[in-house]
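Given the structure of chain A, go ahead and fit chains B and C onto it with the hints provided.
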Amino acid sequence: MDVLAVLNLGEFAQIFSKMGMFPVFDLAYYIVSILYLKYEPGSVEVSRRSPVASWLCAMLYCFGSYILADVMLGGCPIDYFQHNSHILLASAVWYLIFYCPLNLFYKCVAFLPVKLVLVALKEVVRTRKIAAGVHHAHHAYHHGFFIMIIMGYVKGSGVALMSNFEQLLRGIWRPDTNEILNMSFPTKASLYGAILFTLQEAQWLPVAKSTLILAFTLFMATSKVVMTARHSHGSPFALIESWVCYVLFGSALAGSEEDHHHPPAVPATPVKTKEELGEGARRRKVKKAE
Amino acid sequence: MDVLAVLNLGEFAQIFSKMGMFPVFDLAYYIVSILYLKYEPGSVEVSRRSPVASWLCAMLYCFGSYILADVMLGGCPIDYFQHNSHILLASAVWYLIFYCPLNLFYKCVAFLPVKLVLVALKEVVRTRKIAAGVHHAHHAYHHGFFIMIIMGYVKGSGVALMSNFEQLLRGIWRPDTNEILNMSFPTKASLYGAILFTLQEAQWLPVAKSTLILAFTLFMATSKVVMTARHSHGSPFALIESWVCYVLFGSALAGSEEDHHHPPAVPATPVKTKEELGEGARRRKVKKAE
Amino acid sequence: MDVLAVLNLGEFAQIFSKMGMFPVFDLAYYIVSILYLKYEPGSVEVSRRSPVASWLCAMLYCFGSYILADVMLGGCPIDYFQHNSHILLASAVWYLIFYCPLNLFYKCVAFLPVKLVLVALKEVVRTRKIAAGVHHAHHAYHHGFFIMIIMGYVKGSGVALMSNFEQLLRGIWRPDTNEILNMSFPTKASLYGAILFTLQEAQWLPVAKSTLILAFTLFMATSKVVMTARHSHGSPFALIESWVCYVLFGSALAGSEEDHHHPPAVPATPVKTKEELGEGARRRKVKKAE
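Taken in sequence, the protein lines are chains A, B and C.
To convert, note that position 119 of the first sequence is 119 in this note's numbering; the numbers rise steadily by one, no gaps.
Residues are numbered in this note's numbering as their position in the second sequence, beginning at 1, plus a constant of 1000.
Residues are numbered in this note's numbering as their position in the third sequence, beginning at 1, plus a constant of 2000.
These aren't lab readings, by the way, just hints derived from the structure by calculation.
All values derive from a computational prediction rather than experimental measurement.
We put the beta carbon where it would ideally sit given N, CA and C, even for glycine.
Please note that the accuracy of each hint is not assured.
Quick list of simulated restraints, FRET-style, between CB atoms [unchecked claim]: (1) 2208(C) to 1233(B): 56 to 62 Å; (2) 1021(B) to 116(A): 54 to 60 Å; (3) 1239(B) to 174(A): 36 to 42 Å; (4) 2236(C) to 1024(B): 40 to 46 Å; (5) 2011(C) to 1020(B): 49 to 55 Å; (6) 2012(C) to 1022(B): 47 to 53 Å; (7) 2022(C) to 1022(B): 44 to 50 Å; (8) 207(A) to 2219(C): 54 to 60 Å; (9) 20(A) to 1020(B): 49 to 55 Å; (10) 1219(B) to 2236(C): 54 to 60 Å; (11) 1234(B) to 88(A): 31 to 37 Å; (12) 88(A) to 1239(B): 27 to 33 Å.
Next comes chain A alone, as it looks inside the complex:
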């Protein structure tokens, strides 16, 4: 990390990794998450039919990673709901996005330049969650490397890993697709990030944690901003993944693009995950739903 030393970035990384997330970054996280919920087909109708179900889904989108992490460590799944201010903030965002007159709030935050900033801020929170998840697991299980990876993965992916059950809450059931079978970019990145942070925690990666947080945040924010701006859903990992998969598993790739030439036994519904749909398609859907 000599380069960083030369640029005197070490201190900046240190400050950056200690920065509080509440309320600015968390607010961005809630807005982007509930925006993705509104993009989901049928979610607007659910918000009309049953505000309770809609609110619960919104809470899962915002706090799914905490719930899952608490479940994984055998804690109280609704433990995070003791933070009344976080819940109230997320509830306010949910209310504004779904019920604001003239759909004003939604139009503001879905405006591309605003959204790009929010998306970047969300990735800051995601990275911090992965690091915290790995650290927490390391505290509980000093040599439980698999547990550390799982906890980081779960904290980074959040609601995506339980999307089947979140959909069930809205009356939708799509068993042929789940986030583990068709990993989207953020889920994959969370997995790789969790592995990196675990290596760092186990001191097999000669990098300071604050530096790793800074670097990973920059990578995630850049990737997501570029992908959102270009309405793309290609993964930056595609090339290296296809090579590793070919060497290790003898298959072209676990990704969706290279999947066409496999005779799929499991019906390979190319259901794009919520974070991979182009903006255009999304807007049309949401407009139609209203």
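Just chains B and C, lined up with the frame of chain A:
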């Protein structure tokens, strides 16, 4: 609460709120719960094919609220199964309702006058569970108002909140319906009750807890007895709910009656929940199943 | 147990019941479990499309009983993943069975004589798990006989009890079948074993625990080896079960063979569970899948 003071009801409420539930009230709770299980289409066949699955469903109907509450607080989900006498009593009720020669026990408890008494007794238990749930959550999280509401809600609603998974145990899967999307009267009342008891616990409601328990029990018992007697499934909350929903969410109502004019994206199957089906329809179903 | 005393088997039982399971017996357990995973339709495709999903399924097959038992007692579900050597061994087996060049490893372990030995070793582990589950529950709940039975059952049955959710991970959803509705031989035997060990733990069965472990292991190993060798899926319990069910529940039997003359409300798909399919059918399926 001057009226109560004048009528000298305060002391009565105190005594009522300390009254033991086991075995009389609990017995009524088990009988009514397993009666509703027998009303479920297919449950009689399951009791013939797999007594183990049928017994497990019966236990979920009787102890679902304890299981869910333990899950929510990160405890041992089968903790309540240490009370052997409760389990044995519920198992005896299950055996008598499903396998009694000539269906004698079922005919006795499903006889309307008997059933009305049992339904009233069941609501006594439900109210106590809501109060206990809120109190327990308050003990664990002093300012966790959301947790208190969730715990009271879960304790009052019981198996209804996990009906999808209870049905799965019997080989049935109806993703388009769940208790959160289409709340039945007891579930809604549990939610409102949980909010009331939370307000009381937070001392924002100037009422003694025992008085609230008495009043809520009276309301619940009266409502359920009237609804059962009239085979009705209208909700006493319909009017105020439609007004609140109109003001807050701009929609007519989250209820089913006013739902027709929405173009439903989620297939709005008007599946009546078990507690809302008229008696006539129920009896016919059960008879046919036998 | 005079016979055992005469044969001087008591000491042998003692030694047998203290014998370490890692690595030989555990290795056999992992191999047979992941073999059954490969027999599942679609699992080979999943291993090509998403190695992560395939690995997770393999872990559920190997450690499902620990995960479920931890969930049941309110512990950390991924607690067992702290044993890195066990996870690595199971992962190596998974890799060799699914990705070994020329399918060499699979062919070796699926070769009938080898497989019979492995199956017998697996049953040794299963019996030990049941005994450990009951013992653990007895430690936590001294008089919780139902909890002891449930824990032994869960430890013995493992992934079978959550097969619906394991299938969901692979994109398959078969709600009309679950292990409780259609219990396979190992699941039934685990239930009966859990009851026996609970009776022993409660000292209602005048047998030393080590003797019971030895006897139950012999019964399980013999039954499974014979059933695997003869490609049979009849249950040795069928006769006594049909008699008990007739007396207690007035039905012929909860088993599948005698089930035909019931008009099934729940679509009685005679889906053979993985452990009951004849070898021939399995091999054909797996070959086709490749």
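Hint by hint, here is what the structure shows:
no.: 1; hint: 2208(C) to 1233(B): 56 to 62 Å; verdict: 59 Å, holds
no.: 2; hint: 1021(B) to 116(A): 54 to 60 Å; verdict: 58 Å, holds
no.: 3; hint: 1239(B) to 174(A): 36 to 42 Å; verdict: 37 Å, holds
no.: 4; hint: 2236(C) to 1024(B): 40 to 46 Å; verdict: 44 Å, holds
no.: 5; hint: 2011(C) to 1020(B): 49 to 55 Å; verdict: 53 Å, holds
no.: 6; hint: 2012(C) to 1022(B): 47 to 53 Å; verdict: 48 Å, holds
no.: 7; hint: 2022(C) to 1022(B): 44 to 50 Å; verdict: 46 Å, holds
no.: 8; hint: 207(A) to 2219(C): 54 to 60 Å; verdict: 56 Å, holds
no.: 9; hint: 20(A) to 1020(B): 49 to 55 Å; verdict: 50 Å, holds
no.: 10; hint: 1219(B) to 2236(C): 54 to 60 Å; verdict: 56 Å, holds
no.: 11; hint: 1234(B) to 88(A): 31 to 37 Å; verdict: 33 Å, holds
no.: 12; hint: 88(A) to 1239(B): 27 to 33 Å; verdict: 28 Å, holds
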